[in-house]
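As given, the protein sequences belong to chains A and B, one line each in that order.
Taking this note's numbering, the leading residue of the first sequence gets 1, the next gets one more, and so forth.
Taking this note's numbering, the leading residue of the second sequence gets 1, the next gets one more, and so forth.
Careful: at least some of the hints might be erroneous.
No copy labels: a pair is met if it fits in one copy or bridges any two.
To be verified - Here are the computed lysine-lysine pairs in the BS3-like style, where the Cα-Cα straight-line distance is at most 25 Å: (1) Lys-202 - Lys-150; (2) Lys-150 - Lys-140; (3) Lys-175 - Lys-18; (4) Lys-202 - Lys-87; (5) Lys-5 - Lys-152; (6) Lys-152 - Lys-69; (7) Lys-42 - Lys-238.
Quick caveat, the hints were computed from the structure, so don't treat them as lab data.
Protein chains: 2
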Amino acid sequence: MENLKTMNPREVRQLIRKGDFTGPTSGLCPGYVQANLVILPKEIAFDFMIFANRNPKPCPVIDITEPGKPVPSLVAPDASIITDLPKYRIYLRGELSEEVLNIGDYWREDFVGFLLGCSFTFESALIRAGIPIRHIEENKNVPMYITNIKCKNAGIFEGPMVVSMRPVHYDLVVKAVQVTSRFPSVHGAPVHIGNPKAIGIKDIDRPDFGDPVTIKDGEVPVFWACGVTPQAVAMRAKPDIMITHSPGHMFISDISEEELSIF
Amino acid sequence: MENLKTMNPREVRQLIRKGDFTGPTSGLCPGYVQANLVILPKEIAFDFMIFANRNPKPCPVIDITEPGKPVPSLVAPDASIITDLPKYRIYLRGELSEEVLNIGDYWREDFVGFLLGCSFTFESALIRAGIPIRHIEENKNVPMYITNIKCKNAGIFEGPMVVSMRPVHYDLVVKAVQVTSRFPSVHGAPVHIGNPKAIGIKDIDRPDFGDPVTIKDGEVPVFWACGVTPQAVAMRAKPDIMITHSPGHMFISDISEEELSIF
């Protein structure tokens, strides 16, 4: 396991599939896209797909598996979403029921899997562009907030947008917009810059999820749509069953981060 | 009808709904996004939605209507896709059956409508950037070609990508890439620059659809994914019923072209 950091995505997925790696995936396969997973029965997956199409910033679809087929053919054609994530969560009627290492016992012929873009990808682009990421520097979780921005409804799915916040020095705000605009399939450009109250955030030091981070003099809070949104929205709809990755235990795809940039 | 050119999208749709305008929509409501329409029964619309997600360049989804609801709530919340396009085509098992002015007699509770981005939008962006469009200058249809680029399959949907070609002076090729990259939801950046044979086009002067256009000295053929692709792919799948707009008779949305740009 010493060479875990040098393995390619396929090799890491093989380890995970055999149950030999069950930890968080942060830092593995640098340069490759990692994704959030949401699995729903086909009947409501249809509405969820419309919801994702109507709300591409919080719900950027990287791949969708066909009903009953666990293969993300676009981003990892030899993978299976039944076995290739290190840890899964089973939700029954919106309540967490169990955490498991694979979902073979739960898989159904009407299941549809959504792989959704995750902020790991655009954070590494920001870092390459010389924009430091505070929560990484402070070894914390990114602060996330429920906003007053309503997502566009679709069928049973509705709810507020959740955003993540990164403080950016005012000299670098334009660059941060440019860099993340290149990656529309991992949340894209910010949804708001500068005034937390304008989007319904009462206290920037008390995030709804994650940890507060330091905002230094000369820094501006910049808000991006967050991948927690689709999970929160799906949970509100209380489907009979929904399966997701466990936080931090992501799907590692075969595509490079740069493949997701639009230029 | 004299003031048709100054009407806003809602006003033009009202005229169309009453049957008072049945012509092509080119040139109407300048600055507003026009879209292609594909309507399919829910059962196969699911696969089609996966297909569109896997092939965003030829199949850029602008809006999806929920099953049985004819309202494109994202781009024109007071519109109806049953009545608000000037002309429709009904396809039965992949064959053109009829052309009609509204689809009230055909509408079903399981119908799902897809509004797909159209090249009108990025052409006006190119023109604003000082890049002339040859087929407009020559008053022709854009030349379109079936390529050897395979779309990514999804369920019953598969087929080659169709591209459109615009000759661009080599001084302006970079600018053309930049300008269209800003519009991923209307086909985005080119799929190929320069060598028709590399993408399976045998004779640039004999397009598969549309008209040939002049390529002048110093000009390079630039190829973009084309909105004919999803219709061609849907037709190959021979669904029991499929309804589309008639060529040139598009849906006029309430959103401005600039709203579709990602920066």
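Each hint, compared with the structure:
For the identical chains of this complex, Lys-202 and Lys-150 are intra-copy neighbours only, at 17 Å inside a copy versus 50 Å across copies, given an alpha-carbon limit of 25 Å. Taking the shortest Cα distances, Lys-150 and Lys-140 never come within 25 Å of each other, neither inside one copy (27 Å) nor across copies (44 Å). Neither within a single protomer nor between protomers do Lys-175 and Lys-18 lie at most 25 Å apart by alpha-carbon distance, with minima of 42 Å and 49 Å respectively. For the identical chains of this complex, Lys-202 and Lys-87 are neighbours neither inside a copy (34 Å) nor across copies (51 Å), given an alpha-carbon limit of 25 Å.
In this assembly of identical chains, Lys-5 and Lys-152 lie within 25 Å of each other by CA distance neither inside one copy nor across copies; the values are 40 Å within and 31 Å between. In the homo-oligomer, the alpha carbons of Lys-152 and Lys-69 lie at most 25 Å apart only across protomers (15 Å), although the nearest pairing inside one protomer, at 29 Å, exceeds that limit. In the homo-oligomer, the alpha carbons of Lys-42 and Lys-238 lie at most 25 Å apart both inside one protomer (15 Å) and across protomers (23 Å), since each shortest distance falls under that limit.
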